[in-house]
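**Student:** Below are the chains, spelled out letter by letter.
Number of protein chains: 4
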Amino acid sequence: MSQRVGLWLIGAQGGVASVVATGLAALQAGATDDIGLVSCLPEFDHLRLLDWNSMVVGGHEIRSTSLPEAARQFQQSSRAFDASLVDQSMSALREMDSRIRPGILANAGPAITALANESIKNDCRTAREKVEQVEADLAEFAKSQELERVVIVNLASTEPPVDAARLPVSWKALDAMLDDPDCPLPSSSLYAIAALSLGHGWVNFTPSLGASCEAITELALLKKVPLAGRDGKTGETLIKSVLAPAFAIRNLRVMSWVGHNIFGNLDGEILDDPANKQSKVASKDRLLAEILGYRPQSHISIEYIASLGDWKTAWDHIHFRGFLGTPMVMQFTWQGCDSILAAPLVLDLFRFVERAGRTGESGVLGWLACFFKAPEGVSENNLTLQFEMLRRWAATRAGG
Amino acid sequence: MSQRVGLWLIGAQGGVASVVATGLAALQAGATDDIGLVSCLPEFDHLRLLDWNSMVVGGHEIRSTSLPEAARQFQQSSRAFDASLVDQSMSALREMDSRIRPGILANAGPAITALANESIKNDCRTAREKVEQVEADLAEFAKSQELERVVIVNLASTEPPVDAARLPVSWKALDAMLDDPDCPLPSSSLYAIAALSLGHGWVNFTPSLGASCEAITELALLKKVPLAGRDGKTGETLIKSVLAPAFAIRNLRVMSWVGHNIFGNLDGEILDDPANKQSKVASKDRLLAEILGYRPQSHISIEYIASLGDWKTAWDHIHFRGFLGTPMVMQFTWQGCDSILAAPLVLDLFRFVERAGRTGESGVLGWLACFFKAPEGVSENNLTLQFEMLRRWAATRAGG
Amino acid sequence: MSQRVGLWLIGAQGGVASVVATGLAALQAGATDDIGLVSCLPEFDHLRLLDWNSMVVGGHEIRSTSLPEAARQFQQSSRAFDASLVDQSMSALREMDSRIRPGILANAGPAITALANESIKNDCRTAREKVEQVEADLAEFAKSQELERVVIVNLASTEPPVDAARLPVSWKALDAMLDDPDCPLPSSSLYAIAALSLGHGWVNFTPSLGASCEAITELALLKKVPLAGRDGKTGETLIKSVLAPAFAIRNLRVMSWVGHNIFGNLDGEILDDPANKQSKVASKDRLLAEILGYRPQSHISIEYIASLGDWKTAWDHIHFRGFLGTPMVMQFTWQGCDSILAAPLVLDLFRFVERAGRTGESGVLGWLACFFKAPEGVSENNLTLQFEMLRRWAATRAGG
Amino acid sequence: MSQRVGLWLIGAQGGVASVVATGLAALQAGATDDIGLVSCLPEFDHLRLLDWNSMVVGGHEIRSTSLPEAARQFQQSSRAFDASLVDQSMSALREMDSRIRPGILANAGPAITALANESIKNDCRTAREKVEQVEADLAEFAKSQELERVVIVNLASTEPPVDAARLPVSWKALDAMLDDPDCPLPSSSLYAIAALSLGHGWVNFTPSLGASCEAITELALLKKVPLAGRDGKTGETLIKSVLAPAFAIRNLRVMSWVGHNIFGNLDGEILDDPANKQSKVASKDRLLAEILGYRPQSHISIEYIASLGDWKTAWDHIHFRGFLGTPMVMQFTWQGCDSILAAPLVLDLFRFVERAGRTGESGVLGWLACFFKAPEGVSENNLTLQFEMLRRWAATRAGG
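Protein chains in written order, with my numbering: chain A, 909 to 1308; chain B, 909 to 1308; chain C, 909 to 1308; chain D, 909 to 1308.
Don't read these hints as lab results, they were simulated from the structure. Nothing here was measured: the structure is a model prediction, and the numbers come from that model.
Beyond 12 Å from chain C on every Cβ pair, some chain A residues (computed):
| id | residue |
| --- | --- |
| 1 | 1019 |
| 2 | 1072 |
| 3 | 1081 |
| 4 | 1084 |
| 5 | 1200 |
So the derived label-pair ranges between C-beta atoms look like this:
| id | chain 1 | residue 1 | chain 2 | residue 2 | range |
| --- | --- | --- | --- | --- | --- |
| 6 | A | 1053 | C | 1214 | 52 to 60 Å |
| 7 | A | 959 | C | 1202 | 50 to 58 Å |
| 8 | C | 1202 | A | 1021 | 27 to 35 Å |
| 9 | C | 1180 | A | 1081 | 40 to 48 Å |
| 10 | C | 1214 | A | 1021 | 36 to 44 Å |
| 11 | B | 1090 | A | 941 | 51 to 59 Å |
| 12 | B | 959 | A | 1287 | 28 to 36 Å |
| 13 | B | 991 | C | 1307 | 40 to 48 Å |
| 14 | A | 984 | D | 954 | 35 to 43 Å |
| 15 | D | 998 | C | 1180 | 54 to 62 Å |
| 16 | D | 1040 | A | 941 | 51 to 59 Å |
| 17 | C | 1072 | D | 941 | 34 to 42 Å |
| 18 | A | 1081 | C | 1202 | 53 to 61 Å |
| 19 | B | 1186 | A | 984 | 43 to 51 Å |
Here a beta-carbon is modelled for each residue, glycine too, at the ideal position from N, C-alpha and C.
Please work from the sequences and hints to get the whole structure.
**Tutor:** So this is what it looks like as structure tokens:
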């Protein structure tokens, strides 16, 4: 296949991006197998999704670092895989790194702003001008790399919640707001607007709400572009989305569900800011009531524990009543390397959204719900039933 | 509703039976709610399943004890519910107790045989004669209680595995074997044969294999009677049947799955005998390979720890690989009161099988798979998809 | 033994007090054994500590409830022991209840104040007057019950921290402050002052800091009275005080120690207020650095989860480095019934402090360190070495 | 310090030995710090124990492998430390490897025998001749390396239990037995006899019982040589030896203590043989009754789970009663890299035993109890009190 398609990452030198890049290089070189890649399951064989060698990676980043450095540091601190894998990928990583451009910032809150380069921090341009810069970067990427399509995936740090009441519901009104010097839209809105305006697919892998509003969905429909989100489901919430149905199916009454999460990567540092944490907790908490049909007492904590690095450890304690009111307990612990869990899903989402865009699907892709903590466009949260949606979508699509 | 239907329990004074009896008395008196009862979920409202007051309980037991005593002892040692619940149920329990008859024994292995009364232990009658005794007891129960139908549920201790190679595949040949003084059929076969011969539904809630053979299925079809089994899915395996799909759906590679179970009830004492344990472990172990599509290293232990009584505690350790081969770990612990989890499922199965029998369904009821560790008639082990089978069955049935 | 000694509880109708009362009644009646009672270990046999039948219980309480009611409710919600134990103790509980007097409040923060009766809440008397009321109640108790001695044990809810900088260091200056209408002393200071002034022993079983200041220690020495504290070591911290030494002894480097505590009793409700929680967390957190000799990253949370009631559940995650810098993990969960763990220690402390007072020991009793999370008078936090202190103290005392 | 002292390892190319070798090379090169080394605690500074550069390693091995290969494989499969550490140690490892000699085998059971080279497996010499071979190897090592002393540490796989009734109690009689063609002594006895006969210190880091008999202790006293053992306390048992005292000190009644261990190294493969496992389980199980003063129901399992490699994972479930008979639960999980935990203790034991030998201590060194699961010469199992023994020993020794 001689076509080339671009994967543009927002947060292109972060932990997840560095594993996406290292992993893609390894897949292109045949140096790893397809464990962890949903799109490689036999259910999707006939779709002939984009092959690894057709993919070209670029992105935006607000910090001063480099992809090879991020990959090296990730490997050393996580020990997730062997150092030789980074060594082998080094030239590919350098090439991808050369396609990374300085990102933009808007209403991202102090925790994220503190990470950014001075010039980005002090950028006083209007929202419109920032959108135009992103559009220019994307256009240059597509042109220079001779790409047929691009899909943008947001991997940036979680923003504080947006006050939706301040946002208009029509694209026209939102568009007008871009010239307002006090435009309240956060970075994630601006990236999404740029992507969709150019007709590129958009995936929100983060809990940030900037692209989850009616006006932006309208833009996607106007431009006939697919979008998908929100917040990649990688660990504790993945497990919740299979466990909670078991209690519902058995008519066991969950009295309380407590989840404590500890980890020490950059994401964790940002979430140590209560404003940013609020977006994340809201995203993790909604599914219980939706699956159970009632709201048990729930408590979710996310704490930054430096020594854990990317190894997100969760303890969940589920207190429930059975027959005759008997109280019982289930507990689980999850020790997962967060970027290792997230990165293949980014590649999967890229492949599915790329195919959807290529074959003319647009608007919110609800059949991608199984990938997200807070799936947009559907209310189904049971992982198995979400996967059935994906499987059925695939079953009705011809190959290629 | 003036109809009366009988629930006949094999192992009628054991832990599960004592909770079935106490719970049914509480439901009949309106003294408890429907937590833990699957058949009370809204999905089944329109079926108008048998109400609690139409149910009459009887059964067989090989030991010398009593239902009131078993219920009292269960409450005191488990502290699952308040003592007042047993007090209130006392007269109902005594009445049910008066309908319990001495059971039979055949090829049940030394651990079970050791529990039985002397007269049952030393009973040298042929298999045919034992079947006839069971039939006579069931007929007397139906007649004296003026029952429209009876469903038999096997709750007896787990038997050692049966060597299926020694059993004929046709009912005719199996029937002939009943006169053989060396007939290898275990108790559970004889009970099932008696139940089905009289046209009663049969549910095997245990791992015993005595009723899981072609010849007995043929008998059910001949008699146009439903049967369902095998081995109630109450705790660790229930959780496995939702967790394993999460690994499959994410294409995560399970390297090993270790499950250690400890508990101290009579069931646990019997399973301390390696022969009996073999049936149980086999039943618990099969679903992993069926869900994952490959066989990870697995280890299941079941140990008798007296102090735990009915509180079955399990620790599962799942070692899996993610993207780029990264090893990760999930662990869970389950602290469930086993009879409290099992008893409502017995009532559910009774209600579903009763309705199936009433409306002319016969043979193996595969749509009851969600209740069983080793469901007969289907290969689906994902709890959510099993429940979808039940839900769809219900959706296509009219009320009443 | 015909002597009678009084145990006066501050918080006399709370969870711990209700188990102290129920348990003492059971011990007096010979209806329970000595499990959980440290003072009943063979190491202390020769001391001939006060026997159960010489003990008379009274106390102060700021809420409107009753001891029989509190005991009944505790039994029903916790299912810790059989209901019959409360039934048998009922007349003893009613008698103890008749000796409970309305308590006082001062600078206790909004969470505690909200619990109190209106008349206590609105009590505008000076600190001096409140101390005098407590003294009068104690004197009346001693006289009416013909007591040879009294020991006061503080079991009241945790107060917000006291700003020690506002307190004078000499008893004379503190005494003068009692007339100040803006006297900053919290309730726990006033109770301690009353107790010590009358020459009674004082035990602080809570994290409240009101009695932990130089001036009050000076008062105890002046009056030749023993005092002991602070914060009963019952669960997670008990385990920490044996586990942390293992890491120190093996020269393993603890990088982080995370402890999450969930429970749902009244204590938990009060600790849901951040001001009150601060005292508790400080008390739980200090021992790690003292045992290890350095300060790993630590995080302690205490959350109110209503369904758990008195069953305090803790999850601790310890991340440590071994040889060649290898990171490893230990985790534990603790499921303990908090009042059941605390109550026998209250009886133990009463017996040890009573003996110390009787035989002329005064000031801070450092050899009681093994009972406390934040032991006063010593810096030893290793439970085994703390117990060695108690054992050696006992070994050097003659009997009786 | 110009002196040179030899550390001779039995099982010199196994997992623990490979970490001892890699770690010693790193310590000699100053490439790692002293985490995990007990002998580097400040309590022992004044003893001026042997420095790393004075140590020379050699040993016996029955398999065909190499130290560099074992170290490489350990690093790759465990990911315990960075690959660069092995790279840096490569020349040191090769040098140590050149000093490894073919070991001997006697009555080691089929699991161990299956590992051995053909020539060792088929070696029909008498026990006497095998002892003489070991002596010759040790003598050659001491001479060629110009060593002042040697300490032998047994790291070989766990042997099946020895029937002590078949062994004489005097050295003279045991010595005579060496010529018997049916001499029942296992390899570990023969190695110990050779070591002690030459006047070298002996440490048994394994559960093997071959050197734990009166006759061999007599030999050590005759030769004025120190010996220490048995079974390095590295993980689950280490934790037990601090946790069990907490229950004893609080007079809490342990009803049952269940410990499940899973791991996948060579040690685990050998322990999959029930005969070998019996020695290990006995060694792990004895301390509970010794600490608690009574014998709760206990269950210990050790299972070989290949995917875990050297990462020994244990789950312990402790069921205990508190005041008024209330049952409660504590659980812990331990995820430790076994060889990483063991190797520094081997270096510590070497240094302590070397110093003891140098300064004329002989016989069983009971003050090393804190290092062992089944300490010889003392009955103390509380880790803190064991460490106090070591600390006091050190405190009474002058430096150097």
